[in-house]
Amino acid sequence: MSMLIEQDSEVALLHRGTRRFLLAGLLVTLLIIAAIFVRQGLLRQTAVLTFVTESAQDINKGQSVKIAGFKVGAVDTVTLRPDGQVEVELEIDADSMRFVTRDAVIELRKEGLVGSAVLEIMPGADRTRLAANGAKLAFTRADGLTAMANSLRDKILPILGDIKVITGTLADSRQGLPATLGQVREATASLNTLLKTGNQQLGDVGQAATRAVGKAEAGLVQLDKTLSTVNNRLPVLLDKAQGIVEHIEKITAEAESTVPPLLQDGRAVASDVREILTGAKTAWPIKNLVEAPASASLKADSDPRAEGSRAPR
Amino acid sequence: MHRAEPWRYAALLVVPLLAACGASPKPLPEPRPRVQAQELESSAARRYAQGDYSAAARHFAEAARLRSSFDDAAAASRNRLQQAQAELALGQTQRALDHASQVTEASLQVQALLLQVQALLTLERGDAAQARLARLTALCEARCAERGRVQLLQARAAWAQGNVAQTARQAEAALPLLREQSEEREVANAWRLLAAARLVQGDGAAALQAAQAALFIDRQLAVPEKIARDWLLIGDIQRRVASSEARMAYQRALAVAQAAGLKELVQLAELSLKETSQ
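Chains as they are written, first to last, in our numbering: chain X, 1 to 313; chain C, 1 to 278.
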């Protein structure tokens with residue numbers, strides 16, 4: 001009996017342990033599932049953005065969508081519409097919607113020169129007006145390698161043409177490098193001759209300059225003598241001139257005060273004399289001696305030089 | 001001692017008082033610019049009469065300027081006309097024409113037109129002269145004081161056009177009218193023109209008589225240039241009538257021109273003398 005009782009307790013222990021194990025496994029499984037959900041983003045809030053393009057080239061489902069280089073979502077669906085256009089739906093974090101403005105542009109570009117294609121959302125200038133969930137944005141494709149190669153080719157081709165022309169000209173025996181080198185050789189020879197002549201002439205000039213300097217030296221000696229004489233006499237002359245100027249200033253100062261009244265007096269006297277003379281002219285017996293005013297009407301003379309009636313000669 | 005009556009003292013006082021009351025009040029003195037202008041005009045007229053036309057023109061111009069300064073337009077216009085007359089005498093014909101044309105005073109229109117026609121005839125602008133002469137004739141009716149001068153200008157215009165008969169007719173008609181106005185210079189001008197016309201007409205005797213009449217007046221007026229011209233004209237007439245006398249006339253013309261320093265007339269007289277000696 002006691003053995004049965006011992007077995008029952010062991011079984012009960014086993015059952016309890018088994019239940020605990022199963023519960024722990026279930027708990028771990030649930031945690032793993034929750035982690036997978038979180039990792040897959042099934043529990044996060046998302047927003048949808050769409051754009052329409054003419055071609056789905058380089059656009060795939062699950063392709064990364066970035067803002068300023070940070071991944072914020074992925075391409076959800078790529079569908080061909082009945083009108084032939086391709087509609088692409090993006091699913092991005094709802095939290096990232098604060099960076100997406102209404103005038104934002106979605107650009108398809110390569111990560112590096114040969115990296116995978118990603119969609120980059122480039123916010124617009126007007127940061128105050130944000131795009132709503134489900135908004136349709138503009139789409140553009142960045143220049144790919146082909147476009148860059150084409151652009152490079154367009155720029156290089158004219159340069160290559162120019163190089164061809166330049167090398168052709170340089171190779172020309174008449175006008176090109178050989179001819180130029182010949183001319184340079186000739187010019188160098190002429191320059192040598194010129195330098196020789198110049199040296200000779202400079203020698204002549206040097207001799208003439210030496211003579212001129214000699215004469216100038218003699219002149220300077222003479223000038224020095226003259227200046228000494230002037231130096232001796234000038235102070236006396238300046239003293240005299242100063243005296244004369246002071247005298248003139250004195251006279252002018254006196255004249256300033258005396259001349260204007262004199263002039264005024266003179267004018268008044270002249271006026272008085274005129275009046276006296278005018279009166280005297282009209283008074284007897286002086287008026288008989290004074291010439292009477294001439295008549296205002298002049299004697300007519302229609303032919304003062306007697307040319308109008310010259311007889312025809 | 002005899003003592004004077006009181007009424008005599010009263011009479012002695014009253015007589016000077018009455019005389020003072022009866023005397024004409026002293027006229028107010030003329031303003032100085034007006035007096036100056038009058039003196040300038042008088043001086044200019046005196047110089048013109050003396051033959052100093054250059055000074056006369058200057059003084060008339062200054063008088064005109066002064067009168068314009070105190071807005072005496074009529075007197076300024078009169079002075080401007082006098083200036084033009086002096087300039088005509090100086091031989092500055094274009095200036096004279098300009099100054100005479102500036103005068104717009106109605107009362108001086110006849111005088112202005114007379115000078116303009118005279119200047120235009122001297123400048124040999126016949127058409128313009130005829131046009132203004134027509135206006136002048138219309139302005140100067142039969143009773144016009146300047147009728148004699150107008151007729152003389154008409155004679156000169158006809159002479160300029162080569163109408164000798166008309167020249168003689170107008171000059172003859174002008175003579176009595178000019179004599180009435182005591183315009184001796186113009187009378188001499190008319191005689192000279194008539195002499196020239198008669199010479200062309202071939203009436204040597206009448207031409208000589210007219211030229212001598214002109215010379216007589218010009219001698220009285222003592223105008224050397226005109227006297228020399230008269231002698232040249234007499235010489236020309238004598239060459240047609242009696243060539244022996246012509247040389248003497250040209251010599252007189254030469255003597256007068258040389259004495260007066262009239263180079264152009266000296267050359268003319270010398271040329272005429274050379275022609276008569278050939």
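Derived by calculation from the structure, the hints in this document are not laboratory data.
On a predicted model such as this, the values are computed, not experimentally measured, just so you know.
Among the hints, erroneous ones may be present.
[What the hints assert, rightly or not] Computed far set for chain C versus chain X, every beta-carbon distance over 12 angstroms:
id : residue
1  : Ala61
2  : Gln94
3  : Thr104
4  : Asp127
5  : Glu141
[Said to hold, decoys possible] Reference excerpt, derived from the structure (chain C facing chain X, CB under 10 angstroms, subset only):
id : residue
6  : Arg185
7  : Asp218
8  : Lys226
9  : Ala228
[Claimed, not checked] The list that follows gives simulated cross-link-like pairs (lysine to any residue, SDA-like), each with its CA atoms no further than 20 angstroms apart:
id : chain 1 : residue 1 : chain 2 : residue 2
10 : X       : Lys299    : C       : Asp203
11 : X       : Lys299    : C       : Glu184
12 : X       : Lys299    : C       : Ala206
Think of the CB as a built atom: it goes at the ideal place given N, C-alpha and C, for glycine as much as any other residue.
Okay, the hints, checked on the actual structure:
1. At roughly 14 angstroms from the closest C-beta of chain X, the C-beta of alanine 61 of chain C stays outside 12 angstroms, upholding its exclusion from the interface.
2. Against the 12 angstroms criterion, glutamine 94 of chain C stays outside the reach of chain X, whose nearest CB is about 15 angstroms from its own CB.
3. At the 12 angstroms boundary, the C-beta of threonine 104 of chain C stays outside the reach of chain X, the nearest C-beta of that chain being 19 angstroms off.
4. Against the 12 angstroms criterion, aspartate 127 of chain C stays outside the reach of chain X, whose nearest CB is about 17 angstroms from its own CB.
5. No beta-carbon of chain X is positioned within 12 angstroms of the beta-carbon of glutamate 141 of chain C; the least distance is around 19 angstroms.
6. Against a cut-off of 10 angstroms between C-beta atoms, the interface hint on arginine 185 of chain C holds, since the closest Cβ of chain X lies about 4 angstroms away.
7. Residue-level restraint check for aspartate 218 of chain C holds (minimum Cβ-Cβ distance to chain X is 8 angstroms; threshold 10 angstroms).
8. With its C-beta approaching chain X no nearer than about 4 angstroms, lysine 226 of chain C sits inside the 10 angstroms limit, and its interface hint holds.
9. The beta carbon of alanine 228 of chain C comes within 8 angstroms of a beta carbon in chain X, closer than 10 angstroms, and the hint placing it at the interface holds.
10. Proximity of lysine 299 of chain X to aspartate 203 of chain C is assessed by CA-CA distance (about 31 angstroms); at most 20 angstroms being required, the pair is judged violated.
11. Restraint check: the Cα-Cα separation between lysine 299 of chain X and glutamate 184 of chain C comes to about 8 angstroms, which is no more than 20 angstroms; the hinted pair holds.
12. At most 20 angstroms may separate the alpha-carbon atoms for a hinted pair to count; lysine 299 of chain X and alanine 206 of chain C exceed this at roughly 27 angstroms.
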